[in-house]
Structure formats: C-alpha cells, structure tokens
Amino acid sequence: MDNFFEVKNVDFIIDGKTKVKNMSFSIEKEGDIVCLLGPSGIGKTTILRAIAGLQKIKNGHIKLKGKVLASDKINIEPENRNISLAFQENSLFPHYTVEKNILLGEEKNADKKDKQISFQEIVDILDISQILNQYPHQISAGEAQRASLARSLLSKPDLLLLDEPLSNVDQSHKEDIQEKLKKMLSKLKITTIIVTHDSYEAFYLGSKCGIILNNQLKQYDDPYNVYHLPNSIEVVNFLNRGILIPAKVTSPKSLENEELGTITGNFVKPFPLGADVKLLIQPEDLEHDDKSNLQLEVVDRKFRGTNFIYTLKTIKNLLIPVFVHSHHIHQHDVQEKFGIKRPIHIEHLVCF
Amino acid sequence: MKKINFWYLSSFLISFVVIIPIITVGISFFEETSNYYKILKDTFLIEYILNSLTLLVLVLIFTFVIGTGTAYLVSFFKFPFSDFFKWALILSFAVPPYIYAYSLTAFFDNYGIAYTILTNLFGEGEYNKIIPKVNGMFGATLSMTFSLFAYVFILSRASFLYQSQNLIDLGKNLGFSRFKSFFNIILPAARPAIVAGLSLVAMETLAEFGAVDFFSINTLTTGIYNSWIAFDDLAFANRIASLLLLFIFSLFIIENLSRKKAKYHFNIKGGFKQKEKIKLFGYKSLLTFIFCFFVFFMSFLFPLSQMLYWTIKFPENLLDLQIISLLLNTLYLALLSSLVLIIFSLISNYGNRVTNNKILNILSTLSISGYAIPGVILAVAFITFIAWFDNTIVKSLGFLSIKKVFIGSILGLVIVYFIRFYSLAFNGIKSGYEKINIAVDESAYLLGYSKRKTFTNIHIPFLRNSLLFIIILISLEIIRELPITLILRPFNFETFATTAYISASEDLLEAAAVPSLFLILIASIFIIIASKYILRENNG
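Chains as they are written, first to last, in our numbering: chain A, 1 to 352; chain B, 1001 to 1540.
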C-alpha cells in the first residue's frame, strides 16, 4: 500500500545551493506527526517550502495521498496542494484583524466535513481570545505565531507544515500548548511535519524524528531510538546528550575502559572481540554511589529543576555527564569527589 | 510549450517603455548636428554649464540651511506655533519656482509693490534706487530655494523624528553640548535623508525651466528648449540633454561612493524611545518662532498674497479667463495620469515581487531614473523617438503617420508624464510593498489564493492608503509641471501652469496672477490632504 506522504530522492536547493541531498522519507498513515531536527541554517525550512510548493525541485518526487505533487516534470502550484504551512515569521495579513485572519483559513475547505473543529475550540486551545480584535502589528511575535497556527489548522489541510511553531512562545505557555496541540492534531488526524531545533519538542510531538546534518537526512526513526540508539557519531554530537569514551570489546556482552573498568550490556550492533571502539555514555547510564571505589572529580554542576547534571573528570581528562535527581540528599560541590556505582551496566551498548 | 508569465511580461514591457527616452537621448548624442552646435560650442555652451552649476550650488546650500534648520527646530523643540509650522512649511510646495519668480519681480520691480508700499507709507520718493533688484541669478536662486526647500525639510524631519532618544541621551552622556550633539550625532545620523532631499532639489534645479527662462538665465535646460524651438535642431537639443544627464548621474555616483559602507539605519526594535521635545522660553523661543515664520512667510504667504493682490486689483483678468475650463483641464490631466501611473506601477511592482528576476530588477532600477531627467529632455526625446519610429518603421510598412496620435495629444502628454513621474509611483508602491512580508503572499497561496487574487484581495487593500497618497503626490507634480505640458499639449488646451507662463512670457504679470493663484490654491488643498500621511509621527 502507498504511503500517505512520501519524499523520494529529492535534492532541496535554495539560491543555487544544495541544502539537503538525496533525501527520502515517508509518513505511512494519515494523522502521523513527523519532526525534522537539525541545526539552524541546515535547510529545514527549505524542505517545508518545497513540500508546500513554494520552491521547485529538480529531481526525485514528492507524493501526497498517492498523487505526485512535485518532480522534475510536475509542479502543482501551492494553492492547489491543500497543504498548509505556518511560517516562523509573522505571515498574518497586515490589514485584517487577527480574527479575520484566522477565519480566512476556514474559508478554504468550508465544504470539507471531516476534521471538524470550531474556530472557538482552536482559539481556546492556543489561548489567543484576547488578541482577536487586534491587528498583526499590535501583537507579539509569539501571539502572531499562534494566530498563524490557528489559521493553518482551521484550513483543514491534508498536510500541515509547521516551521519552528513555538519558537517565539514563552516557556510558560510552551509545554501547555505542545500538549494541547498534540491532542488536537491526533483528534483531527492531521498529518503534520514539524521543523524544529528543539530536540525535547521533537521527541514529545513526533511519532518519527528525522535528523538532518551535513546536507543529509542522517537518521529517521522513532524518538526513543533517535535518542538511545543514534546511528552515527554526528547524531550523538548534535543531540549533545552524552560522551564517547574509548573501550575494548572483551566479550559479546561486555567491554573494558581503562578508568571505568568493565561495562556490561547488549551491543546494538556486533563488534569482533578485541575491537577498539567508542562507547556512548549518556547522563542516565551511570549511577551515583558514594560508597563506590570509583571516585571522580566534579568539574561542573547544572541544576535543571527536576535534576542535576554533574560533569565528572577522569584522570585522563574525559568529561562524563551523570544525571542525579534533584532530591538526592548528598549534593557535591565542584572539585569534590563523586562516586560511580560499579560494575557499570548499560542496557544498550551504542558503539562506533 | 512553456506558459508565458503574464506578470513578468507586463513588468518587462512597462519598464522598457520608460527607459526608451534615456536610450534615445544616449543614441542621439552621436548624431550629426547643424552649424548651430559648432557656434554654440565655442560661445555659449560653457556659459550654460557654468550657470547651471552656480545655480545648483547656491540652491543646494540655501535649501540645506533652511530645510534642515526648520526641520531640526520643529522636531526637537516646542515653541509658539511649532505644531502649525510642521505642516505649514510644506505649503511652499504649492508655489512652483516660476510663480515665485513672478512674485519676486512684481514686488521688487521698478514701481512695483514695494515701491507702492513705501510711497503709501512715506509719500513720494526715489525709492526705486534703494529697492534691491531681485532678478537674474539672485532671483532664480531665491525662487528655487523657497520653492524647493520643503524636500529637505520633509525628509530630514522624518529622519529626525525616528532618531531614538537613546542616541540623544548618549550624546548627553558623553558630555556633548546641544550644538555638538547636533553636528556630531543628529546631523550625521540624518545624512541619507538630507542627501536624498538635496538630490531631489538638485534634480529639480537642473530641470527647472520656467524660473530660469523668466529671469533670462542661460542654463542647460533653456539651451535644450531654445535649440529645439528656436533653431529646430533636435540632435543638438539631445546632445545638451545627454550632457545634463551625465551630470545628474555623476551626482548620484559621487553620493553613493562618498557614503561607502556606512550604515545609517538603526534597528529600533526594543531600543526605540520616543523623543521628548525641549520647551523653549524667552528670546530663544521668540527667535525660533521668527525664523520659522520668516521661512513660512517668504515661501508661501508672500507669493500667495502677491497673486491675491493682483487678482483683486485687476478683476477683469478673472473674468477674461475660462477658469472652469482651466480647472477641468488641470485636474483631468493630473488625475488621468496619476491613475495610469498607479495601475502600471502596481503591475510592475507585483511582477517584480512574484518573479524576483534579475533582469527585471535591473530594468526597473533604470526605469525609475526618469525622475532625474528634466521634463524638457523627456519631451524632446519623446518627439525624437516618435519621429524616428514614424519615419523608419511606420512609413516603411505603408501605414499612415502616427505623429498626430502622440505629439500634441493628451495620449502623448500622459505617456511623457508617465515616464517622468514613474519613479514616484514605483518607489511609493515599492515602499508600501516592503512592509508586506513575502511570507504573507505565500500564506495566501497556501490558503488557495491565486497570484491574481493575492494581488487584488491582499495587496491592494493593504496598499490603499499609500496609493491615495501617491495619487495626491503625482497630481501635485503634474499641476505644477510646465515644460512637458507646454511642449506636448494639444492645440488650444491650456492648464493653469501654461496660462500663467504664457501671460508672464508676454510681460503680462498681472494676467499671470489669476491662474497662478488658482494653481497655488488647488496645490495647497492637495498638500493639506497629503500632509496627514507626510507628517505621520508614529508609523502605525
């Protein structure tokens, strides 16, 4: 059976520069949410613009509901694609009030009976009732983004594209809106592609995540796998949630590090005995134990509300992050010693 | 077959039509001229150039002092009637330099108004000896200064207005006196606006025909007119025209080079603080008021009262003229031309926006240079082009001559106005468009709007106010315009401007007063309507 949406072997180009090469990914069923993650300027917005039809492609194809929207020969105009894109910048019509702007979205697919959602429902979810009578230049960037999102949702698109949808929304609103947005998209079964540089947002909203690095889609997988089973050193570095330490494979279920000792677990991909590898250590892989004989020096301590992330230095100057709940009684200051429980066991041994 | 892009094609054609006169003038430079050129080259050409240069330098100095001076005072200080002067000083636009010249002559002439006033006050006397003679270069300089300084006033005032209070506070923080702050911070920060205003003054000065002709000063512009009208030498007229064009373009290049990479705009997001005006007291307040009132009086009240006086004194002139017919002709030309300009400029602006094509961008940049080309040159270039087109193409194809359709017709007049004022319309709409984020267009497409529907339903309603303002601005220019109307108007078709000129050139200054008065009044009404947009204090 055909995928609901498909990008196959497409180069995404802007101003003559290839931003993303030979990209392929698909969304199997209607209503799925996909997040594309990558650093700024990597070409995420270019991908959305090409999918929306605002830019042409020269190779490969983009298909929606079995119909080719774009290829080297075909280019369906944006107004005929039934794809909605909520821009990162203010794209509201400047001479209409916010209310009129949002209602314009409703006009587009007025005859579409499925995906029923009322204007009021959207306004309440996005918390924009207080700005409805204002003009776009009178509202904040975050409010403009939410109004733009409301207009896109109300247009009942087959595919919704969101470009950094909550980048201007303040932290206090962000999580609440993320939660409501996810519920609404799933209730309406609106297939969505979200572009973001915020990995937490991507992991929360997406049923699949794509990581774009160095002009390529490096990994396209569910969020758990992207985080715990990254498929390349580049993805590890981009997510910046761990460190690679040198180790030697000593058995099918263990390896040895000079300073941390034996580390057991299940290899994600097999390596021959005696092979020198780089093992991924993530903050939650190591456990704190004051009584342990493996004591490392604290060089930094970050308080994150619910937890602390300690950065520990080994004798060979490896900097290892360790996660500890914030209610943990024994706090360690910088330059103090911090014990690590041994033997170390990591469920998935991710090695390169 | 590849679909022809309507927007690209129409924008291309519009821009191309507008640059035809520049090409024509350029090509004509290499054509054969009569003996008149050789005679003139050895005699008067240097005088033409020197006179044009002298006039330019004098007018630039005076408009700079008066324009930035008054703009600084009304922007930074509060004094009696300061809010009134904000818009009253713009009224000087209503008085074209040639009408100002008539007023000056009438006032300072032997046995003129000044003489009458002195006689009434002090009895009979030899006043003609003590009354200064305002004519020649001095008269032309005064006429143009008081008529054109508002360009510098408006643009520098707008720039002063948007200078952040932070910038001025910074000056205070560095221990600058008010004097030092003005010269070291306020003036340099407003430089692009002041230069833009002075560039407009420069173009208008070099293009001015009525006033210099009235004062019998031989400049490049009168040279062009005379070589065409008196010696029937189009090629020579074009050769002087190319010289003048070269001159104008050099000014632009010098200005651009002198600016180098300096940036003058500030990101006011978050850092902009509205200025608090300083309240003046005592003699400072009085002197400031006197200065502004003097400029207002000289630039507007003086010529207005002069024309009013004559109209009342010689009411028969009012009855002789067919005022209604002149009014209708003037308004008809102004409104028809501005509508045509608005429609075509909108199309070409939108074409540029949606196609984002490099060739089109270059072509539109060239096409807006029409404003820099004096009306006399445009009119002559238009006639040259039509004559060439008629002789070489139309006749060779066996068709009837098209000269009458374009020369001495409303159509020809509207076309040349179109070329001359295209930059006003194009740039006005462009600055309106710059406020519409491109994402707005794209959102419209994604909501199912076609390009045409986006244009009619999103852009035009948004640009409505700007369009109205541009219509007023162009109408104002056309009401005041003289040489194009004079050269290309149909037989027996007169406007207030041409009637005033014809009467003045026949030494019937009193008869010129009535059309001049009406011209000033209509232009003032347009200015008062437009001032709402010109003087906006907050860009909301």
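Where hints are given, some of them may not hold.
Unchecked claim - Okay, derived cross-link-like pairs now, DSSO-like style, lysine-lysine, Cα gap no bigger than 27 angstroms in a straight line:
#1 A:K56 with B:K1435
#2 A:K17 with B:K1313
#3 A:K65 with A:K8
#4 B:K1313 with A:K100
#5 A:K100 with B:K1451
#6 A:K58 with B:K1451
#7 A:K17 with A:K218
#8 B:K1435 with A:K100
#9 B:K1532 with B:K1435
#10 B:K1313 with B:K1129
#11 B:K1358 with A:K73
Stated by the list, open to error - Beta-carbon label-pair distances, calculated as ranges:
#12 B:S1450 with A:I74: 44 to 52 angstroms
#13 A:E121 with B:I1410: 40 to 48 angstroms
#14 B:K1532 with A:Q130: 28 to 36 angstroms
#15 B:L1411 with A:N75: 37 to 45 angstroms
Claimed, not checked - So these bits of chain B aren't anywhere near chain A, every CB distance computed over 10 angstroms:
#16 F1084
#17 N1135
#18 M1137
#19 F1183
#20 F1231
#21 D1233
#22 F1291
#23 D1320
#24 S1443
#25 A1444
#26 L1447
No lab work stands behind these hints, which were simulated from the structure alone.
The beta-carbon is built from N, C-alpha and C at its ideal position, and this holds for glycine as well.
Each hint tested on the structure:
no.	hint	in the structure
1	A:K56 with B:K1435	holds, 26 angstroms
2	A:K17 with B:K1313	violated, 75 angstroms
3	A:K65 with A:K8	holds, 14 angstroms
4	B:K1313 with A:K100	violated, 60 angstroms
5	A:K100 with B:K1451	holds, 20 angstroms
6	A:K58 with B:K1451	holds, 23 angstroms
7	A:K17 with A:K218	holds, 19 angstroms
8	B:K1435 with A:K100	holds, 19 angstroms
9	B:K1532 with B:K1435	holds, 19 angstroms
10	B:K1313 with B:K1129	holds, 25 angstroms
11	B:K1358 with A:K73	holds, 24 angstroms
12	B:S1450 with A:I74: 44 to 52 angstroms	violated, 19 angstroms
13	A:E121 with B:I1410: 40 to 48 angstroms	violated, 59 angstroms
14	B:K1532 with A:Q130: 28 to 36 angstroms	holds, 31 angstroms
15	B:L1411 with A:N75: 37 to 45 angstroms	holds, 41 angstroms
16	F1084	holds, 30 angstroms
17	N1135	holds, 53 angstroms
18	M1137	holds, 50 angstroms
19	F1183	holds, 35 angstroms
20	F1231	holds, 55 angstroms
21	D1233	holds, 51 angstroms
22	F1291	holds, 37 angstroms
23	D1320	holds, 50 angstroms
24	S1443	violated, 4 angstroms
25	A1444	violated, 7 angstroms
26	L1447	violated, 5 angstroms
Of the numbered hints stated above, those contradicted by the structure are hints 2, 4, 12, 13, 24, 25 and 26, listed in ascending order.
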